[in-house]
Amino acid sequence: MNLAFHGFADDGKARLPGSLHVNRRLSRWLAFHPDGTATIRPGKVELGQGILTTLAQIAAEELGLPLSSIRVAPTVTGESPDEAVTSGSLSVQECGMALRHACADARALFLSVAAQSSGVPREALRVEAGSFLGPDGVEVSSYAALSDRDLLDAEASPDVSPIPAGARRVAGTSAPRLDLPPKLRGEPRFLHDMRLPGMLHARMIRPPRPGARLVTVPDFALREGDFLAVVAASEAEATRMAERAARLARWEGGIAFPADWPRWLEDTPGERSTVAEQGEAQDGTQVLRRVFWRPFIAHASVGTCCAVALWEAGALRVWSHSQGPYNLRTDLAKALRLPPEAVVVEHREGAGCYGHNGADDVALDAALCARAHPGRPVRALWTRAEELAAAPLSPAMRVAVEVHRDGEGRIVSWRTEARGNGHSGRPGRAKDPALLSAPLLPGAAPMPVSINPPLAGGGGVQRNLVPLYRLPHVKAEMVRLTEMPIRASALRGLGALANVWAIESVMDELAEGDPVGFRLRHLDDPRAATVLREAVALSGFENRHALSEGEGMGIALARYKNTGAWCAVVAHIRAEERLRCLALHLACDMGEVINPDGALNQLEGGAIHGTSIALKEEARFDEECILSTSWDTYPVLRFSEVPRVAVKLIARPEEPPLGAGEPSVAPTIAAIANAVHQALGIRPTRLPFTPENLAKESD
Amino acid sequence: MGFTLNGRPAEHPGGVTLLEALRSDFALSGPRFGCGQEQCGACHVLLNGESVPSCALPVEAAEGREVTTVEGLTPHPLQAAFEAEQAGQCGFCLSGILVSAAALLRRNPGPDEAAIRAALEPHLCRCGVQNRILRAVRRAVA
Ligand code: FES
Ligand code: FES
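Residue numbers (numbering that gives the first Met the number 0), protein chains in the order written: chain A, 0 to 698; chain B, 0 to 141.
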């Protein structure tokens with residue numbers, strides 16, 4: 000199951016929550032042990048977002064076990080449930096709700112068996128710390144005592160009732176993150192820290208441009224087609240060899256990068272399609288037309304991508320920080336021409352992941368090097384330059400908005416178009432493997448051109464293109480470019496980053512000085528109105544006119560994907576030599592919150608990520624190469640620039656959970672843009688809002 | 000060549016960076032590789048009490064000096080403060096940040112917010128945990 004991509008399909012089976020629907024055996028999800036602990040086996044993976052703690056809380060609640068008795072097994076293909084990709088702020092919906100149901104089912108099954116063997120009626124039994132107690136408080140059995148029976152070797156039943164919202168004791172509390180203490184001690188917890196006996200180290204040498212052919216190969220390097228790498232016994236040696244190989248290798252040809260990317264966006268052919276059309280088209284007497292541009296942006300994780308691979312007896316084992324171990328297995332098998340069963344992908348944590356970065360790509364790099372050294376584990380690590388330039392980038396976009404109003408200034412029609420490359424180039428979905436080095440291999444197919452998932456699955460370039468406001472007519476179209484000189488794929492928020500900014504900038508302009516009232520008058524959705532009012536109350540937005548000159552506040556609102564969490568943001572900025580964001584106030588409604596502090600941490604992080612994108616981030620390139628290959632040339636927000644962030648969560652324990660990783664990013668960008676209007680009197684139309692780009696606005 | 004590593008004598012043949020030596024030859028995982036160009040802070044260690052990047056520094060520069068990694072600081076009141084504030088997401092940046100915060104507290108036991116921000120300026124945290132980290136350092140000061 001991956002709602003992030005497909006949306007729901009009716010397959011005729013009784014509906015089970017989340018990914019349980021397509022992974023129906025309970026034994027796939029959990030196991031009990033004689034020592035009283037239980038292992039849960041999620042198919043969603045830890046990306047730094049704290050999901051393991053959240054999932055353990057859900058399991059502890061339903062099973063009636065202390066949190067400390069829950070072990071979380073790393074996702075391994077062939078063993079763990081296939082939950083496709085950990086993305087789209089959907090882990091709690093898909094995996095958490097599956098686990099909640101599976102654990103409730105397991106508890107019911109175990110209690111029935113305990114009732115039968117003890118003669119105590121099922122209703123009279125209660126669970127306490129994994130023990131099943133009779134009315135007299137005496138233990139009649141336990142998960143541990145029954146752990147050797149194959150009770151979980153059964154399909155999940157649709158008729159179990161998890162603990163009702165009002166009775167939850169663990170879910171809904173801010174349990175501290177399970178992974179934080181070892182990380183604070185610097186313990187070997189990351190894939191990067193894995194050390195296997197006899198391990199070799201690999202570094203890759205990349206073609207300077209896509210499509211360049213390798214014509215001169217240093218004799219000490221490993222070559223397969225146009226794939227070039229070095230393998231050495233130590234990291235230091237591998238790094239030195241890679242530097243030498245890069246100097247000696249000669250490449251020819253390849254395609255040029257679109258140095259003038261705005262022009263390229265307009266001129267490149269694409270497929271046009273309608274995203275949505277609602278209401279009756281009407282032309283107004285006044286028409287407002289605005290066009291917004293956002294550049295390519297990088298994932299820019301603090302750690303670089305890493306993988307360890309072991310090739311033995313024609314089978315491959317890969318340790319990876321991929322977001323989708325099963326999808327990676329599919330494409331590794333294709334690229335290496337192996338049956339999928341001959342490949343095992345095991346997840347290990349990497350540095351923070353904010354979308355489709357190079358984690359999958361480096362797994363193929365490691366596998367290719369391991370194939371040349373059978374029996375020896377090979378660890379491949381990317382350089383900072385690869386991390387910033389060889390990983391997929393979030394594609395540049397052009398968003399046009401045209402609003403028609405009648406004689407009284409009422410909106411009669413909202414027409415919009417988002418244009419750019421597709422935002423989904425993930426592995427495991429196309430006919431040919433979507434891994435960086437795959438097209439370099441002899442006889443390989445080119446890299447599949449990225450697509451946009453359907454709106455039911457969250458969309459790509461069209462994510463949040465349709466405004467959440469009540470409008471008599473909306474026409475939203477997208478154009479997906481069919482050429483992809485720069486590999487494009489998903490980064491936190493996808494198309495929403497530009498689309499929400501475009502909508503909220505235009506709404507702000509139309510509001511003519513009453514940004515809150517104007518938005519409220521166009522809202523039917525009470526949860527949207529609530530977050531907007533809360534953000535205003537929290538931030539003192541109504542007193543913005545008292546700010547000193549050069550300062551400004553801006554507000555923005557979005558419901559992520561139009562189906563996820565609601566988030567309103569007020570940004571307070573000051574125009575100095577560059578723009579500085581001083582404070583952000585957020586209000587968010589994400590339905591049931593399993594771990595409130597974990598959700599706050601994600602929302603705060605998303606807001607800071609959004610600030611960084613708004614003020615600084617842009618991948619730079621000329622025709623020959625990508626130039627933003629270091630933190631100097633791809634600057635991101637630093638400690639001195641980080642705004643204060645305050646978040647108010649609206650508690651809705653009875654509502655379905657909605658995910659916290661992404662909803663705050665796009666409205667933060669939009670709120671900063673609207674604050675620029677108060678501070679400088681201009682409405683920015685080019686991201687990032689650097690002095691150079693702002694100077695172009697008055698042209 | 001020799002130096003002191005986390006309080007114990009250490010010998011190294013040289014020829015690599017301090018970070019490579021620490022990770023590969025002394026099997027430490029606290030100092031992390033993030034850029035190799037002294038731009039991200041992931042690899043910071045204490046060299047005679049001063050927080051420095053180890054990724055481009057030849058191991059020879061440590062000759063006769065004291066090298067302390069986050070492992071050598073453990074247990075430290077900062078770690079408890081970071082836990083109390085839940086100051087971390089992926090955690091990849093944390094050991095470098097802890098090292099710089101520890102160096103700051105050693106030379107200035109009562110830093111204000113500006114001093115904390117300045118001390119942590121070399122460190123990137125892409126997960127956006129900076130505010131929690133600032134709170135955690137203030138908590139350790141209090
Ligand atoms: S790895 Fe040393 S500063 Fe980035
Ligand atoms: S916690 Fe992920 S980089 Fe700081």
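If you're looking for bench data, these hints aren't it; they were derived computationally from the structure.
Keep in mind that a hint or two might mislead.
With beta-carbon atoms standing in for the labels, derived distance ranges [to be verified]:
#1 A545/A / A117/B: 24 to 34 Å
#2 L66/A / R105/B: 44 to 54 Å
#3 P8/B / D152/A: 54 to 64 Å
#4 A123/A / F25/B: 19 to 29 Å
#5 E62/B / P180/A: 30 to 40 Å
#6 A113/B / H32/A: 47 to 57 Å
#7 P163/A / F25/B: 51 to 61 Å
#8 R194/A / P8/B: 18 to 28 Å
#9 P8/B / H32/A: 38 to 48 Å
#10 D10/A / A113/B: 32 to 42 Å
Even for Gly, the Cβ is constructed at its ideal location relative to N, Cα and C.
Results for each hint:
Against the hinted window of 24 to 34 Å, the Cβ-Cβ separation of A545/A and A117/B comes to about 30 Å, which satisfies the hint. Between L66/A and R105/B, the C-beta spacing of about 36 Å breaks the proposed range 44 to 54 Å. Range check, P8/B to D152/A: Cβ separation about 56 Å, and the 54 to 64 Å hint holds. Restraint check, A123/A to F25/B: a C-beta distance of roughly 59 Å breaks the suggested window 19 to 29 Å.
Judged by the Cβ atoms, the range 30 to 40 Å given for E62/B and P180/A holds: they are separated by roughly 34 Å. Here the CB-CB span from A113/B to H32/A is close to 51 Å, well matched to the stated 47 to 57 Å. For P163/A and F25/B, the hinted distance range of 51 to 61 Å is satisfied, since their beta carbons lie about 53 Å from each other. Distance hint for R194/A and P8/B: a CB-CB separation of about 23 Å, consistent with the stated range 18 to 28 Å.
In this structure the hint that P8/B and H32/A lie 38 to 48 Å apart at CB holds, the actual value being about 43 Å. About 59 Å separates the C-beta atoms of D10/A and A113/B, a value inconsistent with the hinted range of 32 to 42 Å.
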